[in-house]
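Visitor: Fit chain B with the ligand to the known structure of chain A by using the hints.
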Amino acid sequence: MDWRQLWDIVSAPDNVPIVALIPLLIFYIYLAGKQAKANDDLIGELEASPALAKTHHRKTWPFRPGWQKEVHVWPFLLRIEFLAAIIVTAILMVWSITLSAPLEEPSNPNLTMNPAKAPWYFLGLQEMLVYFDPWIAGVVMPTLIIIGLMVIPYIDTNPLGSGYYTWRQRKFAIGTFLFGFIILWVSMIIIGTFIRGPGWQWFWPGQTWDHNRLIYEVNRDLPDLFGITSNLGKAIFGAIVVGGFFIVGGLLVHALFRRYNPRDYKRMSFLQYNLMMIFLLTMVALPIKMLIRLLFHIKYVWITPWFNI
Amino acid sequence: MAEENQNAKNGKRVGLLERVKSGVREDIDSLRTDLPAKAKEQIEHLKDPTKTQVYTSIFRHKHDDTPRNRALGVLSNVFLHLHPAKINRDAVRYSYTWGMGGITFYLFIVLTFTGVLLMFYYHPTKVQAFRDVLYLEHDVPFGKLLRNMHRWAAHLMVISVWLHMFRVFLTGSYKKPREFNWNIGVLLLVFTLLLSFTGYLLPDDQLGFWAVTVGTNMARATPLLGHEGPFGAQLGMTPYNDVRFGLLGGSIVDANALLRSYIWHCIGIPIVASVLMIVHFWRVRKDGGISGPAPVMLQSEVKDPK
Ligand code: HEM
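Residue numbers (our numbering), protein chains in the order written: chain A, 1 to 309; chain B, 310 to 615.
Isolated chain A, as found in the complex (with noise of 0.2 Å):
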């Protein structure tokens, strides 16, 4: 156990906001969970007796029919505006004065550092370059990861849980974003700061970084393990299999989809539908593609002149 690496790569300067955001989101988390769960109790407790459905003010929090619906702003939003403020005023004194902003020497073409590490906000998408070609990891994924924040509104057509915390009334949307913020984004931020060393090797938190360590890793293409040799053969190969990706992913997420949230199925429209079922598959093959490659070394699934996935 290299101690001095590990702490080394903690206290780097620039990873402490990561090393932050860990317990932030814990804590976050949990918060959201409490309310959510709270919210569902009541949902719960409401929808099993309809009387009281017609009387109760629906929150978890007291309210009795004398009590003012509103507040003043101010004294009572603004003074927590202020607070808040100061607070973080404070935290960002602390933090300034204790823990200074890092200065390497002078930048240098010539010399190239290794690791040479993105900031840390896109260590996910630099960890996806492993497993993807940088026009993929590097343009594709993000202009994916936008437009696809930015469907959102419009594939979700549950009219439910909006403006409070729940889990019940929408698992499906709020399990899918879980995925891709903790499990696709956040997670592999985390082991692209502390897990990757020199030439982006996997070291394990507090192994040594070798700077010499080789690693002869014969990364194989699956049309060559069904013996495709042709160029027009491997394309025609690797079209047929991220298809049959999409087309047999499709269906099984159709058919779980109209069970499980007969709903929404019913509700969304053919554009919607569809929209939906793009983005959530592209977005479970990033993980499928992980696995082919940590498992059986496969590097590239579909090879044309062009581009290779």
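Don't read these hints as lab results, they were simulated from the structure. Values in this document were obtained by computation on a predicted structure and should not be read as measured data. Mixed in with the good hints there might be a few duds.
Pair by pair, the computed Cβ-Cβ distance ranges are [what the hints assert, rightly or not]:
#: 1; chain 1: B; residue 1: Tyr403; chain 2: A; residue 2: Gly44; range: 21 to 27 Å
#: 2; chain 1: A; residue 1: Asp8; chain 2: B; residue 2: Ile576; range: 32 to 38 Å
#: 3; chain 1: B; residue 1: Tyr403; chain 2: A; residue 2: Arg4; range: 37 to 43 Å
#: 4; chain 1: B; residue 1: Leu533; chain 2: A; residue 2: Tyr260; range: 36 to 42 Å
#: 5; chain 1: B; residue 1: His370; chain 2: A; residue 2: Ile146; range: 44 to 50 Å
#: 6; chain 1: B; residue 1: Val425; chain 2: A; residue 2: Ile292; range: 47 to 53 Å
#: 7; chain 1: A; residue 1: Leu99; chain 2: B; residue 2: Val436; range: 25 to 31 Å
#: 8; chain 1: B; residue 1: Pro376; chain 2: A; residue 2: Lys37; range: 32 to 38 Å
#: 9; chain 1: A; residue 1: Pro262; chain 2: B; residue 2: Pro376; range: 48 to 54 Å
#: 10; chain 1: B; residue 1: Val387; chain 2: A; residue 2: Arg4; range: 53 to 59 Å
#: 11; chain 1: B; residue 1: Gln608; chain 2: A; residue 2: Arg79; range: 37 to 43 Å
Listed below are the simulated BS3-like cross-link pairs for lysine-lysine, each with C-alpha atoms no more than 25 Å apart in a straight line [to be verified]:
#: 12; chain 1: A; residue 1: Lys59; chain 2: A; residue 2: Lys171
#: 13; chain 1: B; residue 1: Lys347; chain 2: B; residue 2: Lys360
#: 14; chain 1: A; residue 1: Lys59; chain 2: B; residue 2: Lys485
#: 15; chain 1: A; residue 1: Lys59; chain 2: B; residue 2: Lys612
#: 16; chain 1: A; residue 1: Lys266; chain 2: B; residue 2: Lys485
#: 17; chain 1: A; residue 1: Lys266; chain 2: B; residue 2: Lys612
#: 18; chain 1: A; residue 1: Lys171; chain 2: B; residue 2: Lys612
#: 19; chain 1: B; residue 1: Lys395; chain 2: B; residue 2: Lys595
#: 20; chain 1: A; residue 1: Lys69; chain 2: B; residue 2: Lys485
Just so you know, even glycine gets a beta-carbon here, dropped at the ideal spot from N, CA and C.
Guide: This is chain B with the ligand only, laid out in the frame that chain A set:
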């Protein structure tokens, strides 16, 4: 004086010297009596500054604690009138919004403030950039604190935007009628990350240089528009005319890239982001204030269109 002239008409002539003498005496008398009285009056007024003309010209209403004044305090202030006068009693609960949108905005203000101060010391040129940062770190009074604050506030802002988006998602706040504002938010997220990224290069040290090199190398591989991307070569892309060249102002990360980074970082993106924030806040209001905490809805109450 007028009196004396009257007398003069009546035939009794008063000597010029007399008139001047009595006039001066009057002046002195008035100084002796009027000024202390005025001073006294002034001091009386100072005891209640809210009555002064300067004060009333600034604050347009009284501040004694009445519901009307509480509302006016918010509505008649250009910075606060972003808020309504009154909001839902539960909307002030921290556990609902986590305050992350507001904190993000506050961090943006902190960044603008510290950023402008940094600009006084920084030249975006290969010769000076790195030295300016050294100068800031070692010689400028509070320079190090300034630089640190700018850096950490930027990191914090990235974190708080993510958390804000996370809570907006978890509370389903992007649903009707807030779809559009969610989209403005996504753009703000992108611009926040870009702001951070363009700033990374500015110290012109190894860290920023290689991070930006790694980052922009990916642009080479842009489909159609990058010289190493799918179909790029077929469309006539070379290292000297593709999208990466446009970003860097050259085929390598060098002086032009530094200048472009600087301009995007200090002028371009902040302006776009500010405009988007204005729209974002405006829409929060127009969409009916923040979405909750709303009363829970039951499945049986959904009016299905189909
Ligand atoms: C620079 C970045 C941003 C700033 C300064 C900002 C600021 C704010 C503020 C102050 C609010 C009021 C409620 C609250 O504090 O939660 C708000 C609400 C909202 N924001 Fe943002 N935001 C930013 C980015 C985003 C992002 C990335 C998204 C989503 C992708 C987003 C979507 C929304 C939505 C939908 C609302 C309405 C929420 C509701 O009604 O409960 N914003 N924003």
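Visitor: Take the hints in turn and mark each one as holding or not.
Guide: The hints, checked one at a time:
1. At roughly 26 Å, the beta-carbon separation of Tyr403/B and Gly44/A lies within the given 21 to 27 Å, and the hint holds.
2. Separation of Asp8/A from Ile576/B is about 37 Å and conforms to the stated range, judged on CB atoms against 32 to 38 Å.
3. For the pair Tyr403/B and Arg4/A, the supplied restraint of 37 to 43 Å holds, since their beta-carbon distance comes to about 40 Å.
4. The hinted window of 36 to 42 Å between Leu533/B and Tyr260/A holds, with their beta carbons roughly 40 Å apart.
5. For His370/B and Ile146/A, the hinted distance range of 44 to 50 Å is satisfied, since their beta carbons lie about 46 Å from each other.
6. The hinted window of 47 to 53 Å between Val425/B and Ile292/A holds, with their beta carbons roughly 51 Å apart.
7. In this structure, Leu99/A and Val436/B meet the distance hint of 25 to 31 Å, their C-beta atoms being roughly 29 Å apart.
8. Checked against the given bound of 32 to 38 Å, the beta carbons of Pro376/B and Lys37/A, roughly 37 Å apart, stay inside it.
9. For the pair Pro262/A and Pro376/B, the supplied restraint of 48 to 54 Å holds, since their beta-carbon distance comes to about 50 Å.
10. Between Val387/B and Arg4/A the beta carbons are some 55 Å apart, a value that agrees with the proposed interval 53 to 59 Å.
11. For Gln608/B paired with Arg79/A, a C-beta distance near 38 Å keeps the hint of 37 to 43 Å intact.
12. Restraint check for Lys59/A and Lys171/A: the C-alpha separation of about 20 Å stays at or below 25 Å, so the hint holds.
13. With a C-alpha separation of about 16 Å, the suggested pair Lys347/B and Lys360/B falls inside the 25 Å cut-off, and the hint holds.
14. Of the supplied pair hints, the one linking Lys59/A and Lys485/B holds, its CA atoms being roughly 20 Å apart against a limit of 25 Å.
15. Distance hint between Lys59/A and Lys612/B is fulfilled; the C-alpha atoms sit about 21 Å from each other, no more than 25 Å.
16. Distance restraint check for Lys266/A and Lys485/B: the Cα-Cα separation of roughly 18 Å lies within the 25 Å cut-off, and the hinted pair is therefore satisfied.
17. Between Lys266/A and Lys612/B, the direct Cα distance comes to roughly 13 Å. Compliance with the 25 Å bound is thereby established for this hinted pair.
18. Proposed proximity of Lys171/A and Lys612/B is supported: the alpha carbons are some 20 Å apart, at most 25 Å.
19. Distance check on the hinted pair: Lys395/B and Lys595/B sit about 15 Å apart at the alpha-carbon level, within 25 Å; holds.
20. A distance of roughly 23 Å separates the Cα atoms of Lys69/A and Lys485/B; the hinted pair therefore holds under the 25 Å criterion.
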